[in-house]
Amino acid sequence: MERQNPVFTAFVYAAALLLAAIILTPILWLFVMSISSAADLSTKPLNWWPNEIDLSRYRLLLSTIENSTGAAFTASLFNSLKVAGMATLAAIAVAIPAAWAVSRTSNVSWSLYAVIATYMLPPVALAVPLYMGLAYLGLLNSVFGLALVYLTILAPFTTWLLKSGFDSIPKEIESAAMIDGARLDQILRLITLPLAAPVMATSALFAFLLAWDEFFYALLFTSDLRAKTLTVAISDLAGGRVSDYGLIATAGVLAALPPVLIGLVMQRALISGLTSGGVKG
Amino acid sequence: MSGTWITTRAWLLMLPLLVVMIAVIGWPLIDTVRLSFTDARLVGTEGTFVGLANYAKMLGGSNFLRAFVTTTWFAVVSVTAEMVLGVLAALLLNQQFRGRTALRALMILPWALPTVVNATLWRLIYNPEYGALNAALTQIGLIDSYRSWLGEPGSALTALIIADCWKNFPLVALIALAALQAVPRDITAASLVDGAGPLNRFRYVIMPYLAGPLLVALVLRTIEAFKVFDLIWVMTRGGPANSTRTLSILVYQEAFSFQRAGSGASLALIVTLLVTVLAVAYAAMVRKAAGAS
Chain U
1 MERQNPVFTA FVYAAALLLA AIILTPILWL FVMSISSAAD LSTKPLNWWP NEIDLSRYRL
61 LLSTIENSTG AAFTASLFNS LKVAGMATLA AIAVAIPAAW AVSRTSNVSW SLYAVIATYM
121 LPPVALAVPL YMGLAYLGLL NSVFGLALVY LTILAPFTTW LLKSGFDSIP KEIESAAMID
181 GARLDQILRL ITLPLAAPVM ATSALFAFLL AWDEFFYALL FTSDLRAKTL TVAISDLAGG
241 RVSDYGLIAT AGVLAALPPV LIGLVMQRAL ISGLTSGGVK G
Chain E
1 MSGTWITTRA WLLMLPLLVV MIAVIGWPLI DTVRLSFTDA RLVGTEGTFV GLANYAKMLG
61 GSNFLRAFVT TTWFAVVSVT AEMVLGVLAA LLLNQQFRGR TALRALMILP WALPTVVNAT
121 LWRLIYNPEY GALNAALTQI GLIDSYRSWL GEPGSALTAL IIADCWKNFP LVALIALAAL
181 QAVPRDITAA SLVDGAGPLN RFRYVIMPYL AGPLLVALVL RTIEAFKVFD LIWVMTRGGP
241 ANSTRTLSIL VYQEAFSFQR AGSGASLALI VTLLVTVLAV AYAAMVRKAA GAS
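Protein chains in written order, with the numbering used here: chain U, 1 to 281; chain E, 1 to 293.
Hints should not be assumed to be uniformly reliable.
[To be verified] Computed footprint of chain U on chain E; a stretch qualifies when at least three of its residues, placed anywhere within it, have a C-beta under 8 Å from a C-beta of chain U:
{"no.": "1", "segment": "67–81"}
{"no.": "2", "segment": "116–124"}
{"no.": "3", "segment": "231–238"}
[Unchecked claim] To list a few chain U residues with every Cβ distance to chain E over 12 Å, as calculated:
{"no.": "4", "residue": "18"}
{"no.": "5", "residue": "138"}
{"no.": "6", "residue": "142"}
{"no.": "7", "residue": "159"}
{"no.": "8", "residue": "176"}
{"no.": "9", "residue": "186"}
{"no.": "10", "residue": "197"}
{"no.": "11", "residue": "236"}
[To be verified] If you want a taste of the chain U side facing chain E, the calculated C-beta under 8 Å gives, among others:
{"no.": "12", "residue": "24"}
{"no.": "13", "residue": "50"}
{"no.": "14", "residue": "179"}
{"no.": "15", "residue": "235"}
It is worth saying that the hints were derived from the structure and are not from the lab.
The beta carbon of each residue, even a glycine, is placed where N, CA and C say it ideally should be.
Chain U on its own, in the form it takes in the complex:
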C-alpha cells in the first residue's frame, strides 16, 4: 500500500514470517523426520534436529534387492509412473481433436459443458460398475486397467484446459492458411499444434500430477506389486505396523518430490491456470 507507516511495515513483516512458518514447518518436519534416526524420533522430549544425519532410509527405499521394503517401494514408484504416463498420453490424444473442434465450432460447445459436468461426479458413483467391468475384462490389479479408469478424471480435465488454449490461438491464422490452399491436416500439423505446444505441455503436466495424486481408484483396483501405486504404498506404510516413522516420512518426501519440483518450476502456468479456474484443488 501507498502508506509507509513503520508500525504497518513491522506488522506486514511479522505476518509474512508467520505465514512462512505455517507453510514451511510441516514440510520441514517431514524432511527432518526422514533424516533422523529412529532413536531421535522416539525420545521425550523430542529431538527437533537429529544428533546425526541418517540417510539410510533413502538408500533402503531406493534399493531394488528382491523382496525388500525397497523393492516394494520402487515397484510402486514405477507403477505410478506407468499409470500416470499412460493415462496422460491417452487423455491428451483424445482431448486434442475434441478440444480443437469445440474451440472452432461454437454450435457443439454445449457438449464440452456436458463433459466438464462429469468432473463433478463423485468417484463413488462410478466405482462399483468400474470394479465389476475391470474384473470382467481381467484388468483388476493391472496398470492398464487403472490407467483406463484414470481417463474418467484426466480426459475431461485436459479437454477443458486444451480448449481454452486453442481459444487463445486466433482463428484467422488458420483461415489465412486455408485460403492459401492448405488442407486441414496440414493446418493442424504445421500451424495450430506447434502454436499450442506450450499449452499442451502444461495440460500434460497437470494431468500427470492429477494421476500421480490419485488414491481412491488405486486403492480399490490394485492389490499387489504388479499394479499398486505410490499413494497406496504410502497409505499402507502409514496404516501398517511400521514402527519407524522416519521410513514413512522418507516415502512421503520421495513421493512429494516430483510434484513439488514441477509445481515450483511451473508457478506461472499454475497461477494463470488458477485464475481461469482450470485447476483442481
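Keeping the supplied structure of chain U fixed, place chain E upon it in accordance with the hints.
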C-alpha cells in the same frame, strides 16, 4: 464449406473423446443406477430387482444421517476457514515487502504435496506417542500429557479439518492474489484520496474484483470437500467410533468392505444427487454474481 459439414467434422473429431467418456463414465453411471435397484453383491450374485428397498434402507438408517452431518460439518468448516485464511494471506502477499516473491513461491508447496502424503504427514504430527504436536505443546507447557488427537472422537474431525485447511488455503490465497492484482492502482489511490478507511476500501473497492474468482474457488472447494475420501481414509478410516465417517467413506464401506454392491450403489447415487444439487445451486450463484458485476 457448408455449416453442416463443419458440424459433422466437429463431431467426428470429438468421437474418440465421446467413446472414452461413454465407456468409463456414461456406462458405469447408468449401471450404478441399475445396480441401486438390485440386491447385487460385489462378487458373485447378479442380484434381483428389489425396487426402492436399498434407498429406503440407506436413507432410513442412522448411518446416513450421521455421515451427512459429518460431511457437511467438514465441508463448511474447512472451506470457510480456507476462504478466510486464503484472503488474509492474499492481502498480505499483495503488499510490498522483501521476500514477497519467495513467499508466494512457497505457497505452491502445500498444493503440490500429494493428498496422501499430506494425510500421512499430519498423521505423524498427531501421533499419540511420538508426534510433533504433542511434543511441541508439552514443551511449551500447554498440555501436561500426550493426547491421541486422532484417537479421540472429540478431536479427530477437527484435526482432519486442520490438515485439509493447511493443504488448501494456499490455493485460495493464490486465486485471491491474482484477483487482487487485477484491481487498478488508480482506483485504490483515488479511494485513499477520498479518505476511505481500510474496511470500506476492502468492502467497496477490492471486494468487487475479488468476488467472482472467490466464488469459483468456493464452488470447487466445497464440491471437493463434500467428496472427501483420501485424507480421511489415510488418517482415521472414518474412526474413532465413526466420528469422522463421511459419505464417501460410508459408500466405500457399504459397497467394498461389506461388498453390498446394490445398497452401496444407491448410497453413491444419493451422494451424487447431493453434489449435483450443490453444483447447480452454486452455478446459479456464480451466474448471478457474473451478471451483477
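How the hints compare with the structure:
1. 67–81: With 0 residues close enough to chain U, the hint is violated.
2. 116–124: holds (count 8)
3. 231–238: holds (count 3)
4. 18: violated (9 Å)
5. 138: Holds: least Cβ distance 14 Å, greater than 12 Å.
6. 142: holds (15 Å)
7. 159: Contrary to the label, residue 159/U does not stay out of reach of chain E, its closest Cβ about 6 Å off (not over 12 Å).
8. 176: Nearest chain E Cβ is 15 Å from residue 176/U, so the label holds.
9. 186: holds (15 Å)
10. 197: holds (19 Å)
11. 236: violated (10 Å)
12. 24: holds (7 Å)
13. 50: violated (14 Å)
14. 179: violated (12 Å)
15. 235: Given a least distance of 5 Å, the restraint on residue 235/U holds.
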